[in-house]
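J.: Listed here are the chains, written in short residue letters.
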Amino acid sequence: MIFGWMNQFAQSKRSQIIFFAAYVVLTSLGLYFIQDSVIAFLLLLFSILILYYLKLSNKAKWIMGFLILAILVPLSASHGSAYQSYMEVGTLVGIYAAMSLGLNIVVGFAGLLDLGFIAFFAVGAYTYGIFASAQASKFMPFGHYPLPGDTFWLFIIAGALIASIFGILLGIPVLRVRGDYLAIVTLGFGEIIRIVLNNMDHPINITNGSMGISSITPPDFFGISIGNSSQFYYIVLAIFMVVMYIVTKLEDSKLGRAWKAVRDNEIAAQAMGIPLVRTKLAAFAIGASFSGMMGTVFAAKQMFVDATSFTYLESTMILVMVILGGMGSVPGVILGAAVVTILNTQVLTEISNWLNQLSTTGAIAIPDALSPAKMQRLIFGILLIVFALYRSQGLIPHKNKKVNAEELKKAASEGSSSPEAGSPSPETALVNESRTTGGVDL
Amino acid sequence: MKINRLIPFFAVAILVFGIISGCSSSKSSGGSGGKTVIKIATQTPLSGGSATLGDAIRKGAQLAIEDQKKAFAKKGFDLQVAPYDDQADPKKGVANAQLIAANKSILGVVGHLNSGVAIPSSEVYEKNNIVMVSPANTAVEVTERGMKTVNRICARDDFQGPSGASFAVKTLKAKKIFIIQDKTAYGSGLAQAFRDEAQKLGAKILGYEGITVGEKDFNGVLSQAAAQKPDLIYFGGVYAEGALIIKQARDKGLNIPIMGGDGMDSSSTVQIAGDAVKNVYFSTVVGDVTKTEKGKKFADAYKAKFGKNIESYSAYGYDSAAVLLEGLMKAIDKNGGKLPTREAVAQSVRGIKDYDGVASKVSFDSKGDNDYAKIYIYKFDKASYPATEITQISKKQ
Amino acid sequence: MLQQIIQILPQVIIDGLTLGFVYAVVAIGYTMVYGILELINFAHGDVFMTGSFIGAAVLFFMMSVGFLSSLPSLIVFIIVMAITAIVTGLMGVGIERVAYRPLRKRNAPKLIALITSIGISFVLEDVVRFFAELKTGNYIITSPPLFNQKMTLDIHSVMPVFNKITFQSSFILVFIVTIIMLIALDIFVNRTKWGMAMRAVAQDRETASLMSINVNRVISITFFVGSALGGATGVLFMIQYGTIDPYIGFILGIKAFTAAVLGGIGNIRGAMLGGILLGLLEMFAAANLSTITHGAMGAEYKDVFAFIILILVLIFKPEGLFGKAVVEKV
Numbered sequence: 001m002i003f004g005w006m007n008q009f010a011q012s013k014r015s016q017i018i019f020f021a022a023y024v025v026l027t028s029l030g031l032y033f034i035q036d037s038v039i040a041f042l043l044l045l046f047s048i049l050i051l052y053y054l055k056l057s058n059k060a061k062w063i064m065g066f067l068i069l070a071i072l073v074p075l076s077a078s079h080g081s082a083y084q085s086y087m088e089v090g091t092l093v094g095i096y097a098a099m100s101l102g103l104n105i106v107v108g109f110a111g112l113l114d115l116g117f118i119a120f121f122a123v124g125a126y127t128y129g130i131f132a133s134a135q136a137s138k139f140m141p142f143g144h145y146p147l148p149g150d151t152f153w154l155f156i157i158a159g160a161l162i163a164s165i166f167g168i169l170l171g172i173p174v175l176r177v178r179g180d181y182l183a184i185v186t187l188g189f190g191e192i193i194r195i196v197l198n199n200m201d202h203p204i205n206i207t208n209g210s211m212g213i214s215s216i217t218p219p220d221f222f223g224i225s226i227g228n229s230s231q232f233y234y235i236v237l238a239i240f241m242v243v244m245y246i247v248t249k250l251e252d253s254k255l256g257r258a259w260k261a262v263r264d265n266e267i268a269a270q271a272m273g274i275p276l277v278r279t280k281l282a283a284f285a286i287g288a289s290f291s292g293m294m295g296t297v298f299a300a301k302q303m304f305v306d307a308t309s310f311t312y313l314e315s316t317m318i319l320v321m322v323i324l325g326g327m328g329s330v331p332g333v334i335l336g337a338a339v340v341t342i343l344n345t346q347v348l349t350e351i352s353n354w355l356n357q358l359s360t361t362g363a364i365a366i367p368d369a370l371s372p373a374k375m376q377r378l379i380f381g382i383l384l385i386v387f388a389l390y391r392s393q394g395l396i397p398h399k400n401k402k403v404n405a406e407e408l409k410k411a412a413s414e415g416s417s418s419p420e421a422g423s424p425s426p427e428t429a430l431v432n433e434s435r436t437t438g439g440v441d442l
Numbered sequence: 001m002k003i004n005r006l007i008p009f010f011a012v013a014i015l016v017f018g019i020i021s022g023c024s025s026s027k028s029s030g031g032s033g034g035k036t037v038i039k040i041a042t043q044t045p046l047s048g049g050s051a052t053l054g055d056a057i058r059k060g061a062q063l064a065i066e067d068q069k070k071a072f073a074k075k076g077f078d079l080q081v082a083p084y085d086d087q088a089d090p091k092k093g094v095a096n097a098q099l100i101a102a103n104k105s106i107l108g109v110v111g112h113l114n115s116g117v118a119i120p121s122s123e124v125y126e127k128n129n130i131v132m133v134s135p136a137n138t139a140v141e142v143t144e145r146g147m148k149t150v151n152r153i154c155a156r157d158d159f160q161g162p163s164g165a166s167f168a169v170k171t172l173k174a175k176k177i178f179i180i181q182d183k184t185a186y187g188s189g190l191a192q193a194f195r196d197e198a199q200k201l202g203a204k205i206l207g208y209e210g211i212t213v214g215e216k217d218f219n220g221v222l223s224q225a226a227a228q229k230p231d232l233i234y235f236g237g238v239y240a241e242g243a244l245i246i247k248q249a250r251d252k253g254l255n256i257p258i259m260g261g262d263g264m265d266s267s268s269t270v271q272i273a274g275d276a277v278k279n280v281y282f283s284t285v286v287g288d289v290t291k292t293e294k295g296k297k298f299a300d301a302y303k304a305k306f307g308k309n310i311e312s313y314s315a316y317g318y319d320s321a322a323v324l325l326e327g328l329m330k331a332i333d334k335n336g337g338k339l340p341t342r343e344a345v346a347q348s349v350r351g352i353k354d355y356d357g358v359a360s361k362v363s364f365d366s367k368g369d370n371d372y373a374k375i376y377i378y379k380f381d382k383a384s385y386p387a388t389e390i391t392q393i394s395k396k397q
Numbered sequence: 001m002l003q004q005i006i007q008i009l010p011q012v013i014i015d016g017l018t019l020g021f022v023y024a025v026v027a028i029g030y031t032m033v034y035g036i037l038e039l040i041n042f043a044h045g046d047v048f049m050t051g052s053f054i055g056a057a058v059l060f061f062m063m064s065v066g067f068l069s070s071l072p073s074l075i076v077f078i079i080v081m082a083i084t085a086i087v088t089g090l091m092g093v094g095i096e097r098v099a100y101r102p103l104r105k106r107n108a109p110k111l112i113a114l115i116t117s118i119g120i121s122f123v124l125e126d127v128v129r130f131f132a133e134l135k136t137g138n139y140i141i142t143s144p145p146l147f148n149q150k151m152t153l154d155i156h157s158v159m160p161v162f163n164k165i166t167f168q169s170s171f172i173l174v175f176i177v178t179i180i181m182l183i184a185l186d187i188f189v190n191r192t193k194w195g196m197a198m199r200a201v202a203q204d205r206e207t208a209s210l211m212s213i214n215v216n217r218v219i220s221i222t223f224f225v226g227s228a229l230g231g232a233t234g235v236l237f238m239i240q241y242g243t244i245d246p247y248i249g250f251i252l253g254i255k256a257f258t259a260a261v262l263g264g265i266g267n268i269r270g271a272m273l274g275g276i277l278l279g280l281l282e283m284f285a286a287a288n289l290s291t292i293t294h295g296a297m298g299a300e301y302k303d304v305f306a307f308i309i310l311i312l313v314l315i316f317k318p319e320g321l322f323g324k325a326v327v328e329k330v
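Protein chains in written order, with the numbering used here: chain A, 1 to 442; chain B, 1 to 397; chain C, 1 to 330.
In case anyone wonders, no lab produced these hints; they're calculated from the structure. We put the CB at the ideal spot given by N, CA and C, even for glycine. Incorrect hints may appear among the rest.
To be verified - The calculated lysine-lysine pairs, modelled on BS3-like cross-linking and capped at a C-alpha distance of 30 Å, are: (1) A/138 x B/229; (2) C/164 x B/229; (3) C/105 x A/401.
Stated by the list, open to error - Using C-beta positions, here's what the derived DEER-type ranges look like: (4) A/225 x B/371: 31 to 41 Å; (5) C/164 x B/214: 38 to 48 Å; (6) B/214 x C/191: 30 to 40 Å; (7) B/353 x A/222: 53 to 63 Å; (8) C/312 x A/46: 23 to 33 Å; (9) A/153 x B/214: 35 to 45 Å.
Said to hold, decoys possible - Computed footprint of chain C on chain B; a stretch qualifies when at least three of its residues, placed anywhere within it, have a C-beta under 8 Å from a C-beta of chain C: (10) 218-224; (11) 243-249; (12) 269-277; (13) 373-381.
Can you build the whole structure from these sequences, using the hints too?
T.: Have a look at this one:
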């Protein structure tokens, strides 16, 4: 009875909005007043997830999500010393989320396992790094380098283009191989790109080899030099919004459905007249282009690139984000990226600092070999196993757009009867349950 | 709701609880005993492949901070160490640097191990005026960017490499040299500097080959070296690979001198290479610490505290932290015993002249390089660590 | 140029074979699990690593008891191998129980196992490091010398085009032991009842279960055998190269996986040959690339060279060198 009533309450649009507004106000006030509280920051970010589950129109969700991320989060975090550190986390989450969305197209939509995805990120990063530093003058016969910071905006597009060219290059040999053979070819491709970038200091010095490229010009926005994480946050947010828009549009487009058809059954898809080559190459090219864009931003943010940022482990990390979030599910993948990035850059560091504090103040005695400062990867590994075992379909599993045939028929025969008035149908109850578990897991 | 559905919830709850108490505990300790907390951060790889070196720096720094704890307590400050793990990853380093910047009680950083991490991270330090004293970054670029917060006490590649080369060519009379490097910023920087100088001095470079860090089999490269019959092999890189190269080279019958940089200066070199280590030379930035009274005391204290023998980087770490604290103390005095700003600390550290550390004397020049950085050449006569000192080379003025 | 390549060729082949055998046995672990479950067990590289550490621990223990001096080293070696193989085998079974079986029961997507295996790798690496550091204060472990007599084969005096070959006596050990392991495995898979059950499960899991084959037990046994082989190879690796650290499993895992695919994943003989081929290729590239390209590309490109060969092979023979082309039925 009570559950039924609560369900009804939770389903009502107005109470949801009230609850959500209260939550957002509370957490942002919390962040505003307790600046050092990572919890408040994370809870405020969590509101995006709640927003996703609200019963609102898509447009309203987009607008509210944008408002929260673009205005509320920076504003309420901006008053303390931890501002840049929060924004750094936000920037990294944006970068990884966009990359995961790119990989999601390749792995989640088109079903092509890619273990070398970081290569495109590297290509984007090096594209900007080479031309926005003195490096380019070492091999380019013409032009004056470093290019000024306002070319950065062009390089975002250039990074996307060059990365997608590399995507197609990778795609060509890959078209003949399938499944796990594909995985190893992409792994090899990623390693080849990394090793080549790490060695191209002779015979012609293009990438400065393992010394990396430093002193990269920061971007320039109408005369303002962009150097802080809080400024990059907005660049990343803008690109991320664009990427997300493209992905959601693509998912239900002709191309998106073609990808899914290829994923589910290649031969059947081919028989239905889907051009395999073009569809697969499009997946690689589009996925790669997102990565390339973010690579450009990454190079500008770090002001330094070298090949150590683009190892095989990074590729698997992005794949982990995609699979953990739920392959093929756009919100899931974003959540996966956010969870993994926040865990790695913030939460685990905080926890190990806290444990370290305890051990130095003598609250608990830990032998030096077990020093908590060294345990980040261990904790991360355990969390991965736990997540995978208990959310094996991903944090937000992928759902195909469903058309309820019976309801359609009913609606056609009975005219207008709103399903919301009665007790919740089994279908909505099911959705509800998955919602509660989905919420709990974060 | 089955119980196993709740398990992840519990896991998350514990995590969240951890963070909450983490934050609250850091706050409660903030005012412990009415003293203002000053923290010195260390940022080095504590997990992953190069953790031995990173951990040695952390331990050294920790010892220095504990040594000074009393002196600071007298002035009303509670001095603490805050170790961060950069995992030898530039991204992680920058993210940690942001966290360090956000933590107002941190007034200085000892780190990093990898130049590739130090360069982007120092951009963040510079923006937030946090002084960094590096015990191990030898890449030229680290201080060459003209930052007011970045200092190092070790010698640069463009000093160490050439010193090694002139020793190899002039003293060891090497005419044909085969160079191997590990394709990291450190290894290639050193090997390049060595190669250029050796060529200038008239030696012939038979090969310049790269290996992969983390692998254990270098026989391919060494077969090539053996075929070319060099009279010296130079390795730019760290002991984990270097010691294996020594061992495998000896197995190939290459009983020629092998030379390396300060990355080879570790007890593990001897442990891994065993008897093969004879006739191996290396250049390093620290003299034999245990020779001096002060150094011996440090080594004993280190052993007593951590149950381990010192590594070369332990002394670097100790001195970096000690120099930082010296600067900090001066800044406090200048500020009338009150907590100085980060800027003041950075200025004060840069201004340090003739500080007498455990491993080396320290005077920073206008770029933050150490005027007293010296290069020592060592040789392994027998399979034991430390090696015997052959010669010293002072910085060219 | 050619003269130098030929001169060092015998030595390169010997070194390549040593590395190749290690790859081959680890690759078998990948291929066996893949053949049965169609899942890439990324934790296998770290099982290999753990095996090498367990071997070192057993060896150090025997040394402290004094066995090492009183027994001939061959017997010590056999004991170490046996203990390690059993322990890592059981560990493999445990990993399957914890990380893969629950997923299989829940019909989770195939790729989710990738996440648990990566998680297991992280945990194994760090746990091993903790123990090593706790015991010795350093996680790079140097094993006590066994079978490290130097041997020289003077083929130079017979065939003057070649240089003479030098190697450690452990090379012969690696050579013999891996061949014994490979033959035993081949017999096990092709001649025994359990081997037949394994092949049946690999072919069609459901039909096999209808034929009263206990599929779960077969999977456990597969993991046991694969992991035991991996662990035993860890011991061989330790003896051959003398030093181990908790991160050797990562690079070696990638290489072995590559080898398994090169030979045709799921095919045991393919994995053996793929491993040996990859070892030879790599060693050849490391020794000769800069001679061939006149210094433009050095040994650092050896992995690029190996991967390019792999990609070429897969383009022309997408199912690997020894894999059977699967015709997809519509």
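J.: Return the numbers of the hints above that this structure violates; sort them in rising order.
T.: Hints 1, 5, 7, 8, 13 are the ones this structure does not satisfy, whereas the remaining hints hold.
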